[in-house]
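Asks: Start from the sequences and build out the full structure, keeping to the hints where you can.
These protein sequence lines are chains U and H, in that order. First residue of the first sequence? That's 1 in our numbering, and the numbers climb one at a time after it. First residue of the second sequence? That's 1001 in our numbering, and the numbers climb one at a time after it.
Bear in mind the hints are in silico, worked out from the structure with no lab data behind them. Don't take every hint at face value.
[To be verified] Listed next, the in silico SDA-like pairs over lysine to any residue satisfying Cα-Cα at most 20 Å (straight line): (1) H/1097 - U/37; (2) H/1097 - U/104; (3) H/1097 - U/16; (4) H/1026 - U/29; (5) H/1097 - U/52; (6) H/1097 - U/44; (7) U/15 - U/52; (8) H/1069 - U/26; (9) H/1026 - H/1071; (10) H/1097 - U/11; (11) H/1097 - U/50; (12) H/1097 - U/68; (13) H/1097 - U/15; (14) H/1070 - H/1014; (15) U/11 - H/1071; (16) U/57 - H/1055; (17) H/1056 - U/103; (18) U/57 - H/1097; (19) H/1097 - U/7; (20) H/1097 - U/29; (21) H/1097 - U/103; (22) H/1097 - U/59; (23) H/1097 - U/45; (24) H/1097 - U/2; (25) U/57 - U/73; (26) H/1097 - U/54.
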Amino acid sequence: GAGVSQSPSNKVTEKGKDVELRCDPISGHTALYWYRQRLGQGLEFLIYFQGNSAPDKSGLPSDRFSAERTGESVSTLTIQRTQQEDSAVYLCASSPRVVGSNQPQHFGDGTRLSIL
Amino acid sequence: SQQGEEDPQALSIQEGENATMNCSYKTSINNLQWYRQNSGRGLVHLILIRSNEREKHSGRLRVTLDTSKKSSSLLITASRAADTASYFCATDGSDYKLSFGAGTTVTVRA
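Replies: Here is the structure:
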């Protein structure tokens, strides 16, 4: 597709359930990022994937959060045993990777997660 | 942690007026980027300014960077209703990780 695609766009679930969020990056973009955005706030880095390198998981807030990426394509973010404080918009971004130079990131429209 | 901090938090202007927002950061950077976020949407990249640049233009946007003061400004000239959005600055702490501020919410009144 032309842009970063995320699904679902909205997810409402009960506390304690597991959720899986999906991100399709722009074709050819080797770098993929997940962020969390609480209402009225900035973006909180969660995890970064770059090609076949080990991901940078330093932003994951707890062991209930995990993410996977298959090669340089789709990524899934999984939240187990959801809590009310997990309610937020989860944004995915991708970018080409140029060594030694930061690249603009291209964002999807996010998944709005609401935990009841 | 958030490296960049935008000021003001919110701004309301009349259509046709200019809007200026500022970003301050704490540690040295390679680049600084500005993004726009419309309500319910993802972020859209506006402009990237490198640490050795002082000013950059893109259409109605002008970005300045003062590395001695660790600050940047974004100016939107001749604002339009479509400019209503939140604007974020982002700084790089490494060659791949960006730190975003909490944003400035701009409302352009018709």
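Asks: Are the hints correct? Go through all of them and say.
Replies: Hints versus structure:
A distance of roughly 16 Å separates the Cα atoms of residue 1097 of chain H and residue 37 of chain U; the hinted pair therefore holds under the 20 Å criterion. In summary, the hint linking residue 1097 of chain H to residue 104 of chain U is supported, as the alpha carbons are separated by about 11 Å, within the 20 Å threshold. At roughly 31 Å between alpha-carbon atoms, residue 1097 of chain H and residue 16 of chain U are farther apart than 20 Å, so this suggested pair is violated. Proximity of residue 1026 of chain H to residue 29 of chain U is assessed by CA-CA distance (about 30 Å); at most 20 Å being required, the pair is judged violated.
With a C-alpha separation of about 17 Å, the suggested pair residue 1097 of chain H and residue 52 of chain U falls inside the 20 Å cut-off, and the hint holds. This hinted pair checks out: residue 1097 of chain H and residue 44 of chain U have alpha carbons roughly 11 Å apart, not beyond 20 Å. Only pairs whose Cα atoms come within 20 Å are accepted, and residue 15 of chain U paired with residue 52 of chain U is rejected, the gap being roughly 34 Å. With a CA separation close to 36 Å, the supplied pair residue 1069 of chain H and residue 26 of chain U exceeds the 20 Å bound.
For the hint pairing residue 1026 of chain H with residue 1071 of chain H, the CA-to-CA distance comes to about 9 Å; that is within 20 Å, so the pair holds. Under the criterion of a C-alpha separation no larger than 20 Å, the hint pairing residue 1097 of chain H with residue 11 of chain U is inconsistent with the structure, at around 27 Å. This hinted pair checks out: residue 1097 of chain H and residue 50 of chain U have alpha carbons roughly 11 Å apart, not beyond 20 Å. Our distance criterion of 20 Å between C-alpha atoms is met by residue 1097 of chain H and residue 68 of chain U, whose separation comes to about 18 Å.
For the hint linking residue 1097 of chain H to residue 15 of chain U, the alpha-carbon distance of about 31 Å lies beyond 20 Å, and the restraint is violated. The straight-line distance between the Cα atoms of residue 1070 of chain H and residue 1014 of chain H is roughly 30 Å, outside the 20 Å bound, and the hint therefore fails. A distance of roughly 38 Å separates the Cα atoms of residue 11 of chain U and residue 1071 of chain H; the hinted pair therefore is violated under the 20 Å criterion. Among the hinted pairs, residue 57 of chain U with residue 1055 of chain H is inconsistent with the structure: their alpha-carbon atoms are about 35 Å apart, more than 20 Å.
At roughly 16 Å between alpha-carbon atoms, residue 1056 of chain H and residue 103 of chain U fall within 20 Å of each other, so this suggested pair holds. For the hint pairing residue 57 of chain U with residue 1097 of chain H, the CA-to-CA distance comes to about 12 Å; that is within 20 Å, so the pair holds. In summary, the hint linking residue 1097 of chain H to residue 7 of chain U is not supported, as the alpha carbons are separated by about 24 Å, beyond the 20 Å threshold. This hinted pair checks out: residue 1097 of chain H and residue 29 of chain U have alpha carbons roughly 15 Å apart, not beyond 20 Å.
Proximity of residue 1097 of chain H to residue 103 of chain U is assessed by CA-CA distance (about 10 Å); at most 20 Å being required, the pair is judged to hold. Simply put, residue 1097 of chain H and residue 59 of chain U have alpha-carbon atoms about 11 Å apart, close enough for the 20 Å limit, and the pair holds. With a C-alpha separation of about 8 Å, the suggested pair residue 1097 of chain H and residue 45 of chain U falls inside the 20 Å cut-off, and the hint holds. Taking the CA atoms of residue 1097 of chain H and residue 2 of chain U, the gap is about 23 Å. The hint is violated against a cut of 20 Å.
Distance check on the hinted pair: residue 57 of chain U and residue 73 of chain U sit about 18 Å apart at the alpha-carbon level, within 20 Å; holds. For the hint linking residue 1097 of chain H to residue 54 of chain U, the alpha-carbon distance of about 15 Å falls within 20 Å, and the restraint holds.
In this structure, the earlier hints numbered 3, 4, 7, 8, 10, 13, 14, 15, 16, 19 and 24 are contradicted, and the remaining ones agree with it.
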